[in-house]
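Engineer: So the chains spell out like this:
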Amino acid sequence: MALINPKKREVQVKIVYYGPGRGGKTTNLEYINRKFKKRILNEMVTVKTYGDRTLFFDFLPFDIGEIKGHSIKIQLYTVPGQVKYNATRRLVLRGVDGIVFVADSMDLRREMNIRSLQNLKENLETFNKNIFNIPLVMQYNKRDLADEGIPILSEEILQKDLNSRLNAPYFPASAIRGDNVAATMKKIIALTVSSLRKKLQ
Amino acid sequence: MDFTIDFTKEQIESIEDVLQQELIDLGVQSVILMDLAGNVIVNLDNGHANHDVFSLAALAAGNYGAVSAMANIIGEQEFSLLFHKGEKESIHFSKVVEDLLLLTIFNRDVSLGFLRLKVAEAIKRIQTLI
Numbered sequence: 413m414a415l416i417n418p419k420k421r422e423v424q425v426k427i428v429y430y431g432p433g434r435g436g437k438t439t440n441l442e443y444i445n446r447k448f449k450k451r452i453l454n455e456m457v458t459v460k461t462y463g464d465r466t467l468f469f470d471f472l473p474f475d476i477g478e479i480k481g482h483s484i485k486i487q488l489y490t491v492p493g494q495v496k497y498n499a500t501r502r503l504v505l506r507g508v509d510g511i512v513f514v515a516d517s518m519d520l521r522r523e524m525n526i527r528s529l530q531n532l533k534e535n536l537e538t539f540n541k542n543i544f545n546i547p548l549v550m551q552y553n554k555r556d557l558a559d560e561g562i563p564i565l566s567e568e569i570l571q572k573d574l575n576s577r578l579n580a581p582y583f584p585a586s587a588i589r590g591d592n593v594a595a596t597m598k599k600i601i602a603l604t605v606s607s608l609r610k611k612l613q
Numbered sequence: 039m040d041f042t043i044d045f046t047k048e049q050i051e052s053i054e055d056v057l058q059q060e061l062i063d064l065g066v067q068s069v070i071l072m073d074l075a076g077n078v079i080v081n082l083d084n085g086h087a088n089h090d091v092f093s094l095a096a097l098a099a100g101n102y103g104a105v106s107a108m109a110n111i112i113g114e115q116e117f118s119l120l121f122h123k124g125e126k127e128s129i130h131f132s133k134v135v136e137d138l139l140l141l142t143i144f145n146r147d148v149s150l151g152f153l154r155l156k157v158a159e160a161i162k163r164i165q166t167l168i
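From first to last, the protein sequence lines are chains A and B. If you use the numbering used here, the first sequence closes out at 613, no skipped numbers anywhere. If you use the numbering used here, the second sequence closes out at 168, no skipped numbers anywhere.
There's no promise every hint is true.
No more than 25 Å apart at the CA atoms, straight line, and that leaves these computed lysine-lysine pairs for DSS-like [claimed, not checked]:
hint, chain 1, residue 1, chain 2, residue 2
1, A, Lys419, B, Lys47
2, A, Lys419, B, Lys162
3, A, Lys460, B, Lys123
4, B, Lys123, A, Lys447
5, B, Lys123, A, Lys610
6, B, Lys133, A, Lys419
7, A, Lys420, B, Lys123
8, A, Lys611, B, Lys123
9, B, Lys123, A, Lys480
Estimated spans, in silico, between C-beta atoms of each pair [what the hints assert, rightly or not]:
hint, chain 1, residue 1, chain 2, residue 2, range
10, A, Phe544, B, Arg146, 51 to 57 Å
11, B, Phe152, A, Glu523, 53 to 59 Å
12, A, Gly561, B, Glu114, 41 to 47 Å
13, A, Lys420, B, Ser149, 28 to 34 Å
14, B, Lys126, A, Gly477, 33 to 39 Å
15, A, Asn540, B, Glu48, 42 to 48 Å
By construction, these hints were calculated from the structure, which means they are not laboratory data. In this text, a Cβ means the ideal position worked out from N, Cα and C, and glycines have one as well.
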């Protein structure tokens, strides 16, 4: 749940990028950090292991202006995707307002996507949250791999595997090229902020 | 359990008064009252601190969670107090109530013992306000 400070008229909104390991969550945030550099006052925080994998999380805060007289501070987080870091993923999900699920389009990763989405559902349940009720956007990342002849899953298969019941908005994307990275982020911000509007009356 | 306390403007002002009197006036650099989701609830400083408080709070929430998991492994519920000592600046973390942490950043001009005493007093006063 977002934190509203009635004195400063400020709202802090927490958006988490979730998904299987090496799926491109950090790459999404790195692209946003470069692309929107002017609006981002602080450095992106990232806690990595030696192998350059996310150990803890990445964190990128920025302001998106005012809504109903409140300044909105968006805080983007990623979780570590590797299976063994589930305790950390749960920690990062605490107080989440909106989620981007970054799926890996590679053929070989089909099972990992499904498992990671199931893991998200279970972790949300530990906070009494339901995946069907939280603002959620699907991103089918790494579409660019098709150009290199690497087999990728069709959008239809990804939709069927991951989104047939959730019916969340979805974007085919390439985080490394920046395709649809901003669109994904704008969509999740719009969904999350609109769910807060009532509270800001 | 996952919750964020909703604070009124009056509550925030009262908490700010406590933190100012107990800690900033004592000579600490800055104080952050935050929740375990990493949200900053109140931030006060002595006018000379220029820390990135939002990143600090995000990392502090993660750090606190990690250390609590360590506590569980050795059979403790949690470590309710943490302290990181630097050459010039140090950080003191203390739990206020379930889900709320108080971070105090201070330099060598403030003794740790006195700081701990004042943090405990501030926390006691804040608990009556929420």
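Engineer: Now look at each hint and say whether the structure bears it out.
Structural biologist: Checked hints:
Taken as a hint, the Lys419 of chain A and Lys47 of chain B pair is honoured in the structure, with Cα atoms around 5 Å apart against an allowance of 25 Å. A distance of roughly 23 Å separates the Cα atoms of Lys419 of chain A and Lys162 of chain B; the hinted pair therefore holds under the 25 Å criterion. Taken as a hint, the Lys460 of chain A and Lys123 of chain B pair is honoured in the structure, with Cα atoms around 22 Å apart against an allowance of 25 Å. Note on Lys123 of chain B and Lys447 of chain A: the hinted pairing is violated, with a Cα-Cα distance of about 36 Å set against a maximum of 25 Å.
Between Lys123 of chain B and Lys610 of chain A the alpha-carbon distance is near 44 Å, which puts this suggested pair outside the 25 Å criterion. With a C-alpha separation of about 23 Å, the suggested pairing of Lys133 of chain B with Lys419 of chain A holds against the 25 Å cut-off. Taking the CA atoms of Lys420 of chain A and Lys123 of chain B, the gap is about 31 Å. The hint is violated against a cut of 25 Å. The straight-line distance between the Cα atoms of Lys611 of chain A and Lys123 of chain B is roughly 41 Å, outside the 25 Å bound, and the hint therefore fails.
Restraint check: the Cα-Cα separation between Lys123 of chain B and Lys480 of chain A comes to about 42 Å, which exceeds 25 Å; the hinted pair is violated. Our hint of 51 to 57 Å for Phe544 of chain A and Arg146 of chain B holds, since their Cβ atoms are close to 53 Å apart. Hint check: Phe152 of chain B to Glu523 of chain A, Cβ distance near 57 Å, so the stated range 53 to 59 Å holds. Against the hinted window of 41 to 47 Å, the Cβ-Cβ separation of Gly561 of chain A and Glu114 of chain B comes to about 54 Å, which falls outside the hint.
Evaluation of the 28 to 34 Å hint for Lys420 of chain A and Ser149 of chain B yields a pass: the beta carbon distance comes to about 32 Å. Separated by about 37 Å at the C-beta atoms, Lys126 of chain B and Gly477 of chain A satisfy the suggested range of 33 to 39 Å. Asn540 of chain A and Glu48 of chain B have their C-beta atoms about 29 Å apart, which leaves the hinted 42 to 48 Å range violated.
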